[in-house]
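The sequence shown runs 18 to 246 under this note's numbering.
In short, the hints are calculated from the structure, not lab data. Keep in mind it's a predicted model, so treat the numbers as computed, not measured. Backbone N, C-alpha and C fix where the C-beta goes; we use that ideal spot for every residue, glycine too. Don't take each hint at face value.
Dumping the calculated SDA-like pairs for lysine to any residue here, alpha-carbon to alpha-carbon at most 25 Å [said to hold, decoys possible]:
hint : residue 1 : residue 2
1    : K234      : A135
2    : K234      : A140
3    : K234      : T179
4    : K234      : R169
5    : K234      : T170
Label pairs and their calculated CB-CB ranges [stated by the list, open to error]:
hint : residue 1 : residue 2 : range
6    : W111      : R150      : 18 to 28 Å
7    : I100      : P174      : 53 to 63 Å
8    : E168      : I100      : 54 to 64 Å
9    : L106      : Q137      : 39 to 49 Å
10   : W111      : N65       : 36 to 46 Å
11   : R218      : G70       : 46 to 56 Å
12   : N65       : A148      : 44 to 54 Å
13   : A147      : Q236      : 27 to 37 Å
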Amino acid sequence: MHFAGGATAAHLLTRASDDVPVDTPRLPAREAAERELSKPMYHENDPNLLERGLDRFWEWVSGLFSSASGVAPGGLLGLVVIILVVIGLVAALWWRLGTPQRTPGSSDALFDDSPRSADQHRAAAEAHAAAGRWNQAVQERMRGLVRSLEERTLLDPRPGRTADEAAAEAGRALPAHATGLRAGAREFDDVTYGGRTSNRRAYEALRDLDLELEHAKPQLSDAAQGAAE
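With the sequences and hints as input, model every part of the structure.
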């Protein structure tokens with residue numbers, strides 16, 4: 018009887034010991050999990066560095082829009098309307114004012130360091146025009162026009178003169194053509210410094226002005242007229 022009771026007790030102790038969970042220390046368990054998860058097989062479909070960067074960027078943009086829409090009238094729709102209005106205003110100003118131009122300086126001289134005659138500039142202009150290179154054609158025609166005025170002594174040859182300065186000086190001697198001279202200088206500046214693209218119409222207008230100036234007579238000042246009389 019005593020033997021049977023002892024056997025039962027031993028059996029119960031054995032079962033109790035089997036049911037007790039194994040208590041694994043926390044730090045080794047975490048390190049084991051990290052080693053397991055670091056295996057390449059778990060990261061085959063992970064996004065690459067660029068994809069992660071783009072995800073972060075779009076998260077930032079989304080957060081920015083969410084914050085802005087919270088304070089903008091009408092929420093997100095109001096924010097979109099405000100952005101469209103700003104874009105429209107910028108486009109209208111750009112169309113109205115054109116590409117920002119540099120302030121003429123010493124580096125904006127009309128002629129380079131290799132002097133050429135008016136006919137040489139005109140020949141180069143015609144060659145560019147025949148090839149459809151309208152920017153270069155306008156530049157060379159304006160140079161030929163100014164060089165011709167210098168050769169006729171209507172302008173004093175002056176190194177470093179800009180197209181605007183040449184047009185203003187020539188306009189005083191040839192007031193009937195002052196408007197055309199200013200337009201030609203503006204076209205020269207636009208294609209040379211403003212980043213614009215010229216066309217056949219602009220070149221032909223400058224060429225016609227050059228041909229008209231060939232036969233134009235300067236207007237004498239009052240003092241010069243009195244001396245001539």
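Practice problem: Output the numbers, in ascending order, of every earlier hint that fails for this structure. | Solution: none
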